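Asks: Each chain, letter by letter, is given below.
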Amino acid sequence: MLLPLALNVLALGASYALVALGFVLILNATGAVNFAQGDLVMIGGFVTVVLASYLPVPAIVLLPILLAAMAALGVLIALAAYFPLRNRPPEAVFISTIAVGIILQNAATVLFGPEPKAAPPLLGVGEFDFGGMFVSRQSLAVIAVATLLIGSLYTLFAHTQFGRRLRAVAQDREVAAAIGIPVDAMIAGTFAVGTALAGAAGLLLANTFFVTPTEGANYILKAYIAIVIGGWGSIPGAVAGALLIALFEVLYPSMPVLLPAVGTGSGLFSQNTSTIVLDVVILLTLVVRPQGLFGEAIRQRP
Amino acid sequence: MRQAVPWVLLACVLAYDGYAVATGSNYTLRVLSVAGIYAIAALGYQFIFGHAGALALSQGTFVGVGAYASAIAAVRWGLPFDAALPLSIGLPVLLAALIAIPVLRLQTHYFALATLIIGQIVQLAATDWIGLTGGANGIGGIPGLSLLGAPIRNGWPTLALVWSTAALGALIVWAVMRGRRGAASAIMRANPVAARAVGIDTARLRFVAFLLSAAFAGAAGSLYVHVIRVISPEVLSFPVMVTILTIAVIGSRLRIAGAIVGAVLVIEMPEWFRFMRDDYLLAYGVILLLVVVTIPEGVVAAAERLFRAGTAPAPPRAADRTFVFPGAALEIHDVRRRFGGVTALDGVSLSVRPGEVLGLIGPNGSGKTTLVNAITGIFPAQSGTIRFAGTDVSRLLPHRIARHGIARTFQTVALVDDMTALDNVALAAPGTWRTARGGAMVLLERMGVDEPMRRCGELPYGMRRRVEIARALASRPRLLLLDEPAAGLNETEQADLTRRLRELARSGLSMIVIEHNIPFLAPLADRMICLDDGRTIAQGRPAEVQADPRVIEAYLGQLAPAAP
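Protein sequence lines, in the order shown, are assigned to chains R and G.
When we follow this note's numbering, the leftmost residue of the first sequence carries the number 1, and every step to the right adds one.
When we follow this note's numbering, the leftmost residue of the second sequence carries the number 1, and every step to the right adds one.
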């Protein structure tokens, strides 16, 4: 009972973490919220579905192709929606990325139709038997792939010149430019990485949860909340926030099963009530600790 | 010419409405009615998003709450549109007041998220509370619009009622935002700290803006539900909010004509692209992005900019009196302030007599500006007392302190670049807007600003410094705090400033002047105090302080650390 539940939490949390990481990287590099991040998850899911229809292979093989395609899309979005507005207040980018989201949603509806579609599993279907406890192969594979991606991201940031320059840009764009870092290229690179991460999350989620053109709103809210819980601008905080959200989303509806004493209540543990409870918790967090649970990593510039 | 731009655009909208009435089908008229309803919601949204500058994502929720209130009142209690309207407006306003208490003080992106989350909660509640709202299926069979018992037919009568309401809304926005409130909002957006320092209660200004936006949204929701005649949780969903935001951005967030032109453009645009069949929403997204990227200030503001060149309006007549500033005494006792591990003020005590000019010197980081921030309440003292004119002001909010008669200027000039020098000064002055502007003319003359109708962004640096001092004087202070007033001025300008400040001191005003420039400060100050590491290390007549070995060491120590 507990092991499969824990793996579900980790699989969902790891996927959310990829979305939130992409969101926070772009936030740090530009100071702006990329509101299309949720729709990019959806696009990642659909691109996987399309790729799979041409190449009937496990999704893990499609991942590199998807990452490259999404990275290219990220650069495109930076060129269309960020660079023209770089000297405007951050709300301008918030709004231009909302427009990008509308375009992506409607493009997906036109191209793929409104019905839910499923992407292939990462490695294959079936379950592993751990001494009588059955664990889905997909969950394990999702955790492995997400961990690998987050690990590579860590290596990229901590041990490469590109990563050090990205961090310098996130710290202070003017100073980074003054010491000769090509800031524009770094920001375009951040959009590429952030978008690729959202796409990867789309690939991981689109097998279990299917993919529909309007689901982006759901994911952007999750990413946004994860960043607020984890501390605005904090990269480890984004991962922690995503895992906390997943923990809540998996555990709360299973409360009647885990603790029969609480009873099933009349819709007290439904999906909708679960979302409401999470929302209220986040609001209270904001009221009590406006700087997030783990403090604010970047000061918002006045 | 520039003033004519919004009228020309509004005339275009009116002509379009007339053309639709003359030629259009009922469907066309209904779309145009919906555009009018969105115009009302967007007019309200401009209060919080435009004037208060807060990225609220709750306007769609307020529209939905107003719509549900009217729908439930109509179907359950048989209340017609006009009888339920107070409820439709009141309920969103109440909701806004409730959420404003915890949420309105949050920073930009937190505020955006909090309002987004509240919207999600309301939408889920509407879906789950089936007994009241009909759940996901919503409520049908809602009667059409009516006024005083007389039903309003579909087609042009409905269109006329909706757009008359929009016109009334526009009039209300104009009446509320012209003059002082508009200017106060502008300084709050440009620099909230400076706004509080001139006595503006920014929290209250934001609160009122939030309630007003909810009231407009409620009215829009009520009209909407009686025009469309059915309601479902869709009306609470994020796309409604996005539409209102888009209207405000495309139209121009601070222009009344912007909300109206934006609503017609955004609501009608999908109709113009119908010929593209399934792709029309895609085209709509692309055009939205193009507009946001190429004219981020919106079509109305952009059109006005094309016609900006022209003669400035004539300045108002200066009030026919001169100002005197009776000074008051300041007593600071043992004030302390820490930032994390840094002790910025370590028990500072000092006093200023009425009419005295106190020069405050000290090396960088010695706590001079922190002291000014403590006196003005921006970073309040953590212990110690600050008494001004006999009252303890050390626990008051910045705008309260400002109203007690303490005014200040900033190290980096904090004016609204987009507003005239005159209005920048007038927003700090008491009285009606007319008397405030008349008084501002006197003060600008007194500070030697000869182009009061130029926008501050176009004025040379030295002039902007003078405008800022005039703004500080406009609130009739009894104590003036000047933070490096001579920085960046050439010698002629410095001499001119000395002369004007001496004149003010002669009229009785107490002053604290922070300055590194000793040749500027010494002849101006009656007395000088030197701070170092958050402590007073010397005080007395300027010549004595300049000669004090501790002062010399504090300044030299910065240049060459003493040998061990």
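There could be a bad hint or two in this list.
Said to hold, decoys possible - Heads up, simulated SDA-like pairs for lysine to any residue below, C-alpha to C-alpha not over 25 Å straight-line:
no. : chain 1 : residue 1 : chain 2 : residue 2
1   : R       : Lys-117   : R       : Pro-89
2   : R       : Lys-117   : G       : Pro-239
3   : R       : Lys-117   : G       : Gly-285
4   : R       : Lys-117   : G       : Tyr-280
5   : R       : Lys-117   : G       : Leu-281
6   : R       : Lys-117   : R       : Asn-272
7   : R       : Lys-117   : R       : Met-133
8   : R       : Lys-117   : R       : Val-57
9   : R       : Lys-117   : G       : Val-21
Said to hold, decoys possible - Covered stretches of chain R, as calculated for chain G (at least 3 residues, CB under 8 Å):
no. : stretch
10  : 80-89
11  : 92-100
To be verified - Sample of chain G residues facing chain R (criterion: CB under 8 Å; computed from the structure):
no. : residue
12  : Tyr-110
13  : Asp-128
14  : Gly-131
15  : Val-242
16  : Thr-243
17  : Val-249
18  : Leu-281
Source of the hints: derived by calculation from the structure; they are not laboratory data.
Note that the structure is a prediction, hence the values are computed from the model and not measured.
A virtual CB, placed ideally from N, CA and C, is assigned to each residue, including glycine.
Asks: Against the earlier hints, flag every one the structure doesn't satisfy and list their numbers going up.
Replies: 1, 7, 9, 14, 16
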